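*Asks:* This is what each chain is made of:
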Amino acid sequence: MSTPVLQARDVSMVFGGLTALKNVSLNLDEGKIVGLIGPNGAGKTTFFNCLTGLYTPTTGQVLLKGAVLPGDPAEVTAAGVARTFQNIRLFPSMTVLENVLLGRHVRMRQGPLASLFHGPSFRRGEAAARDRARELLAFVGLGKVEDELSRNLPYGDQRRLEIARALATDPAVLLLDEPTAGMNPQETEAARQLIFRIRDLGISVVVIEHDTKFIFTLCDQVSVLVQGELLVEGTPDVVRGDPRVVEAYLGKPPEEVEAELQAVQEGETP
Amino acid sequence: MGTLLQQIANGLIFGGLIAMVALGYTMVYGIIQLINFAHGEIFMTGAFGGLAVYSWVLPPAAQQIWYVALPAMLVGGAIVSVVVALLMERFAYRPLRNAPRLAPLITALGVSVFLQELVRIFFPGASSAVPFPNAFITAPLHIGSITIPASGLLMLIVSVVLSIVLETYVNGSRMGRAMRATAQDPDTARLMGINPDRVIVLTFAIGAVLAGVGGVLYGTYIHNVDPYIGFQNGLFAFAAAVLGGIGSIRGAVIGAFVIGLIKNLADIYLPGGTAYDYVWIFILLIAVLVFRPQGLFGEAERVRA
Amino acid sequence: MKAMARPLIIVGSIVVIIGALLPWATFVLNDGPYPDKATLEFFDAPFGLSSFRLYLEILGLAGLVFCFVPLRDKIRVLKAVGWGALGVALINTLFIIGDGGGFGAVTVADGVTAFGGIAAVIGAAVLLYGAFQLPAEPKVVINPKLPFWAEWLILLVAFVALLLLITETLTAGGHSGVSDPYIGPLFLSYLSAAGALLGVLWAVGVTKWISDMSERHRIFSIVVLVACAVAVPFTSLGNDYWMTITANIGVYAATAIGLNIVVGLAGLLDLGYVAFMGIGAFVAANLSGAVAAEFGIRLPFLLAAIVAGIVAGLFGAIVGSPTLRVRGDYLAIVTLAFGEIFVRVSQNNIGGLTGGSNAIPNIPDLSLFGTGFNDSLTIGGVQLPSGVLYYFLIVVLVALVMFVFGNLKNSRIGRAWIAIREDEDVARAMGVKTGKLKILAFMTGATLAGLAGAVFAHKLATASYDSFQFNQSVTLLAAVILGGMGTIPGAVLGAALLFVLPEELRQFSDYRLLFFGLALVVIMRFRPQGLIADRHRRAELADQDVTGESLDDTVIKEPVAVAGAKEAGA
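Residue numbers (our numbering), protein chains in the order written: chain A, 1 to 270; chain B, 1001 to 1305; chain C, 2001 to 2570.
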């Protein structure tokens, strides 16, 4: 098997005295979709923040195509990891097109002087960026609203715009934080199709989601995070059948789950 | 040695003044994360309020008796300050409670300029410095080689006493608890039955009382006031609040004394002397903001999204 | 109430017209030092048809006509008319009360009655109230297909009309710096009426149409605009007084545009900005060969200006570097502290570089082909006023600064700045190197301020720390915020208003800063996007009504005058 595109090795994150993540590992193979599920507060978004350089893991490493990712979000994006946010964070008073163009920022090379003088190469680059941005807007289905202010878009469109903005950075890996939160079934289905089409572009995808049904029908691999630790990982079928997941995720109150988890842990680790 | 001791004494007195202003900054910031840029102007209007009471309310006979005149001026100054602060809160800041963060700061700047100009234009004679009566014992105290004006000592004592009272109040009383709760999380505080508006108004009022008292004592100590005393001393007080860790009451007081000492020692010992003492304080302020924004004595800044 | 809209408008308009025809004051208002200049003589005589009464009659008629003529977006049109009428009526009534002897002057005194002012105010208020009752309509967009030459012609006419409107507004009352006591109300009346006109044009979509056209023909528009600016000395503004005023406006407009990069685009509040202008001024002064200068060298102006810009830019980078660590209001305080340090240090004549309280006086006049910049000049038989070359120099400066601002804003860098302003964390997550870009914003702004400072020092022939105090920073900030953050016309309009109004309202000049402070508060409260909103921010207006029913409304007189112009914000 080839090296995974994105690899998290034993990532731990400690805030003050609180351990948010404990030795979480994840392998993402090229062209695959990996799902990350878990109850609220399981550390999914914290893990995302570690993958994107927003947090530097207390211990452990994140590697992109075998190289350790830098500890700065801007550089991580430049290296090829793009993300969306759980609570949509567009630039509200920029237009739809400008939001996507901002995503192109990292792939554009015009420095201050070029930006000042608007020479021919500047204009070529700008035109190319606009073309690419329009292409991406068409790809996510927002071709007609490029001059709207992003804050005026309906909710579902804002989610899609966030994806277009992330795609504009030409990522190798796309991280989607709850892409279907608050969506109705039709929109959820459209989102699933969109994610498949993104995968078909050769981009590997990690998805955080609460909606287990959505995850199990979307992903090639699923990891379950509970209380900051990796509980199970495997194909949807494996994960779905795992009794611990059912218990942890659906069944029991957190205290019991925690106790059981500890029992499981003690049984597993020598 | 005599000079050093004298400068330390002066520094402590000045620190006491700054502390009374810095407390207002730090409390308002603690509750609503607003740098109330116009807080210095509350101090200034307090001083002018005290002066107005002395000049137009007190009969000439009462003006001569310090234990009548001074309390009357302190009360008058505090009342003026509180009124100004509450109007400011109600009409300038409250409507912007949920606005982007630059908006209240720009408003504060506007309020500050507005109040300065209001006093300059409408207070008789305030277009230049106005003499302020020394409504306290005029004979200075001599301790060894150093000389301390009685009004200066009074300022220092009042400042320390008020700081201790405030600290006790905020930590001990029911309203103090409500304040701390609102500072940490206004929404939850509201759910717990605390009215954040009331708490904010009270915070402004307490800060204004301190600033108003400070303003009157400042006038008594310096013997004249002008509309710009608030801007300058307000900046020092802000520096003090930042130095001590903005949001912390004890920090603001300690920071104020540090600032006071630095200013008075710089007058003698740093290059440039009195002409540059401001510069040193501002450089210190920048350095603290840049390298230790949580203040010298404060805890690490709370992470805010 | 909707049904009442039309009757209210009709009644209001008629009352406005009648009010304009009635006597306004119970006695003659010409006891000032210039009785012959008492252009408000019609205050006491009825049936006048000049000056502000003419505006009121026209506005009243307009109210009637627009009420009956089928018209799209009637509400915005009539609101503009209403605001304009209310502005004119209020200004003149208040002036008579304030300057003419109290309330008796506008009611009954000595057996004479004069209810014109009060009638007009009430009429205008009714008209405005009626306009507010009209149904809301979508914004009118007009976009006819025209051949390019027709569009050029329209643009040319529009810009020339704008130039005339501006010169007329500035010289309303026909003075040139004489302290005529009636200048203030005349000017404000004209401003209100002109504002109403622009407001109506905006409401019917004309201003948007023209600005879209000028966007399409950007180069052509710039050429015409520059030509218009160059033409100013040939108009009624072509005298020493207005050359000085317009040159000052230009310098501050250039500085305000620079500040607009920092505050408006990147969202970094800089409270010590004028210090960079000061640095530029002192650098240029020291390199000018002035006697008091520290270095006995005289560089050519262009070189000195460039050095001034570079030095200011370096300081900008230094002052901006804390942005790497501190954010928002803390940064504002850092810049404020820097500004204060600059003032103190230059007041103390550090290193002999600033002249301290003596300033650096007698900076030699610039000259071009042997003509001193302060000399008057004759071109093609037309005698141009002295200082005209400085005026041209400043036009070049403003054009340069606009070029920098406009190009940067519409580029990768400008987008990144706006993204930082909107959401810094996300900008970083999208690959924007926020630290570098924020320092770049500070540097660019400071460089432009330094250039402006170099010109400023030469224009004034002196560089003194006193010109770069905190209240100048506040004034510049007020200009940017009043005009509209993030836009060029906003910064220019803001600078113009803030530096022209005190000239026109000399009797109120003592209240200048009082008004600025109040303006900051009121604008933040009611129109945070400024008079001319950024395209990015304009959408916020749509759902937010500016003229809310606030408690603060009653205390403000001044913004009413501006209210007419406010509607022109397109």
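These aren't lab readings, by the way, just hints derived from the structure by calculation.
All values reported here derive from a predicted model rather than from experimental measurement.
For each residue, glycine too, the CB sits at the ideal point set by N, CA and C.
Be aware that one or more of the hints could be misleading.
Below, a list of computed lysine to aspartate or glutamate pairs in the EDC-like style, where the Cα atoms sit at most 16 Å apart [claimed, not checked]:
id, chain 1, residue 1, chain 2, residue 2
1, A, Lys213, A, Glu187
2, C, Lys2433, A, Glu75
3, C, Lys2436, A, Asp72
4, C, Lys2433, C, Asp2423
5, A, Lys32, A, Asp157
6, C, Lys2436, C, Glu2424
7, C, Lys2139, C, Asp2212
8, C, Lys2433, A, Asp237
9, A, Lys213, A, Asp237
10, C, Lys2436, C, Asp2425
11, A, Lys144, A, Glu126
12, C, Lys2436, A, Glu75
Simulated restraints, written as ranges between beta carbons of each label pair [as the list claims (entries may be wrong)]:
id, chain 1, residue 1, chain 2, residue 2, range
13, C, Gly2289, B, Gln1232, 48 to 58 Å
14, C, Asp2425, A, Ala127, 43 to 53 Å
15, C, Pro2361, B, Ser1055, 39 to 49 Å
16, C, Asn2358, B, Ile1143, 36 to 46 Å
*Asks:* Next, verify each hint and record whether it holds.
*Replies:* The hints, checked one at a time:
For the suggested pair Lys213 of chain A and Glu187 of chain A, the alpha carbons sit about 15 Å apart, so the restraint of at most 16 Å is met. For the suggested pair Lys2433 of chain C and Glu75 of chain A, the alpha carbons sit about 8 Å apart, so the restraint of at most 16 Å is met. Restraint check for Lys2436 of chain C and Asp72 of chain A: the C-alpha separation of about 13 Å stays at or below 16 Å, so the hint holds. The suggested pairing of Lys2433 of chain C with Asp2423 of chain C holds, with an alpha-carbon distance near 13 Å, which does not exceed 16 Å.
For the hint linking Lys32 of chain A to Asp157 of chain A, the alpha-carbon distance of about 25 Å lies beyond 16 Å, and the restraint is violated. Only pairs whose Cα atoms come within 16 Å are accepted, and Lys2436 of chain C paired with Glu2424 of chain C is accepted, the gap being roughly 13 Å. Between the alpha carbons of Lys2139 of chain C and Asp2212 of chain C the distance comes to roughly 15 Å, so the proposed pair stays at or under 16 Å and holds. At most 16 Å may separate the alpha-carbon atoms for a hinted pair to count; Lys2433 of chain C and Asp237 of chain A exceed this at roughly 42 Å.
Distance check on the hinted pair: Lys213 of chain A and Asp237 of chain A sit about 12 Å apart at the alpha-carbon level, within 16 Å; holds. Pair hint Lys2436 of chain C plus Asp2425 of chain C holds up; C-alpha atoms about 14 Å apart against a cutoff of 16 Å. A C-alpha spacing of about 20 Å is found between Lys144 of chain A and Glu126 of chain A, which places the hinted pair above 16 Å, so the restraint is violated. Annotation: proposed proximity of Lys2436 of chain C to Glu75 of chain A holds, straight-line Cα distance about 13 Å (limit 16 Å).
At roughly 37 Å, the beta-carbon separation of Gly2289 of chain C and Gln1232 of chain B lies outside the given 48 to 58 Å, and the hint is violated. In this structure the supplied range 43 to 53 Å is violated for Asp2425 of chain C paired with Ala127 of chain A, their Cβ-Cβ distance being about 30 Å. Between Pro2361 of chain C and Ser1055 of chain B the CB atoms are about 41 Å apart, so this pair conforms to the stated range of 39 to 49 Å. At roughly 42 Å, the beta carbons of Asn2358 of chain C and Ile1143 of chain B sit within the given window of 36 to 46 Å.
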